[in-house]
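**Student:** Here is what each chain is made of, one letter per residue.
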Amino acid sequence: MKKVLIANRGEIALRIIRTCREMGLQTVAVYSTADRDTLAVRFADEAVCIGPAPSAQSYLKIPAIIAAAEVTGADAVHPGYGFLSENAEFARICDDHDLTFIGPKPETISKMGDKSVAKETMRSAGVPVVPGSDGAVADVKEGLAAAREAGFPVMIKASAGGGGRGMRMARDESEFERLFVAASTEATNAFGDGRLYVEKFVEEPRHIEIQLVGDGQGTVVHFGERECSIQRRHQKLLEEAPSPILDEDLRKRMGDAAIAGALAVDYRGAGTVEFLVDKNRDFYFMEMNTRIQVEHPVTEEVTDTDLIEWQLRVAEGETITSGNHLPVGHSIECRINAEDPFRNFSPSPGKITAFHSPKGRGVRCDTHVYAGYTVPPTYDSMIAKLIVRETTRDRAITKMLRALDEFIIEGLKTTVPFHQQLLQDPRFLAGDFDTKFLERFELTQEG
Amino acid sequence: MDMDLDKIQRLLEIVADSGMAEVKVEEGDFKLTVRATPKVEANSGPMMMAPPQAAPPPVASAAPAAAPASSPASEAAEPGSGADESLVLAPIVGTFYAAPSPDADPFVTVGDRVEVGQTLCIIEAMKLMNEIQAEEAGTVKQVLVQNAEPVEYDQPLFVIGQ
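If you're matching them up, the sequences are chains A and G in order.
Heads up, the numbering used here is the position in the first sequence plus 9, with the first residue counted as 1.
Heads up, the numbering used here is the position in the second sequence plus 32, with the first residue counted as 1.
To be clear, the hints were calculated from the coordinates, so they are not data collected in a lab.
Where hints are given, some of them may not hold.
To be verified - Result set (DSBU-like, lysine-lysine): computed pairs, CA atoms no more than 30 Å apart in a straight line:
id: 1; chain 1: A; residue 1: Lys-114; chain 2: G; residue 2: Lys-159
id: 2; chain 1: A; residue 1: Lys-11; chain 2: G; residue 2: Lys-159
id: 3; chain 1: A; residue 1: Lys-12; chain 2: G; residue 2: Lys-159
With the sequences and hints as input, model every part of the structure.
**Tutor:** Spelled out as structure tokens, the structure:
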């Protein structure tokens, strides 16, 4: 591998370029007309404009990316996260064009991308999954049988559902039939399809994920977990490693389960297995992400590894000879978005007039912005990831608060004040939260 | 102050180093005005220090702040900037081919009259030959790229004049 084309933008493009440079690899940045002045474009060895601002005509346009690889002589493509990173078709086209796709094989991406296939694959590998019916149930009787097997309370969900409609929670057998009928009626009215499936209700779920890397040659190792329960509308805002609630035993069991699942598909590349952990500390497979994730830095900080380097090495065919990497110390990441937390997190694009990122011992800021940069409205609102690393969780929180105080971004609104309040919340400090935490969190309005 | 050349030289150096635009020295009947040649910086005013030096540490790394990004428009200030001239820009990334095949004549050369819809060149991407057609009628004034040269999106290919 000599030259890597980065099929992405923003902070992750810069992140990938940095590791490529350290590994002596040439880099090619592709960019839309809206991203001409970004740091990735400036720092890459070569840069190719591939289309106008809209992602569909640039970062998602496969022919443009392949053409850019052809004209620059790139021999590998790193898809980053989002965009085409979990597009099996893109991975296949890269293979067809003799471009090393930095990620899993196309078949693996397809398999893990289909939620029910992924769940079945994991279940067969002995990974605990959310118990429930095998797809849609034929009638109330079948639904009740599935509910009894899964164990109450259960969620009755519409197969065609979304937005919380066609969903009911049945606490016990006595109310099951009534709720089943109600859900089916609602689903028929809302989606024209009254079919339902039944799943155990995971109480007070925490979203805890395991980072792993496989070499596609028989070995998969894990790098410990990340706690990602602080989410607003299913978007993660803060992540930490390790999780405040995992002990060595639970980490081992979750890590082993994640590895078993990945080995079942002879996984190659970096990947993350997401679990729901309930109040009884039982864990259930949720889904697998077959790419590098936004929050990978917290794992890097507590395991002293470069996950992008791991991705590149296994893509080059290296085999893994190490064991699992267990976390040492504590790391927290705050996603800093160009949004106004006091106006319901409404987007705040615009020109950054002053920018000073926090620094100092144990502080890392992964960002693509700078003073004078205009945050375009076309892409996601994340402008920086602020990561701290310390010996304990308490020290990491103190350091993060210090770093947030030092963060100067002028010209637009950011979520820095939100993080400052979050990190002083007693329940957060106690590590006592689940995925519903932010729904109940009240932001104190600015004075 | 007398007309000491060394002192005048020193004054010239001071003006140049300071970034000041103009210095006037008066002593008795002697008057000397020194004006610095203005730097070609997009946002420097007459009396302002160059922004990157004057800004306090909070400004991030010098690289992005230093040079104004040169956009294709300013680089292409010469081609296509004349009245009744327009640029044909590459609508896709790929390899530019001036002719339909290696032995054939180019689709167009300088001086040719072109009509709307007429093929000007081919841009090859992923083994597909994409014909690029003229969107306006006119005369080919310049061909800005060479055969088999890689081109990126929005890259100027031809200047078409009326």
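**Student:** Between Lys-11(A) and Lys-159(G), does the CA-CA distance stay at or below 30 Å?
**Tutor:** holds (23 Å)
**Student:** For the pair supplied as a hint, Lys-114(A) and Lys-159(G), is the alpha-carbon distance within the 30 Å limit?
**Tutor:** holds (23 Å)
**Student:** Given the proposed pairing of Lys-12(A) with Lys-159(G), does the C-alpha separation stay at or below 30 Å?
**Tutor:** Given that 30 Å is the threshold and the Cα spacing comes to 21 Å, the pair holds.
No hint from the list above goes unmet by this structure.
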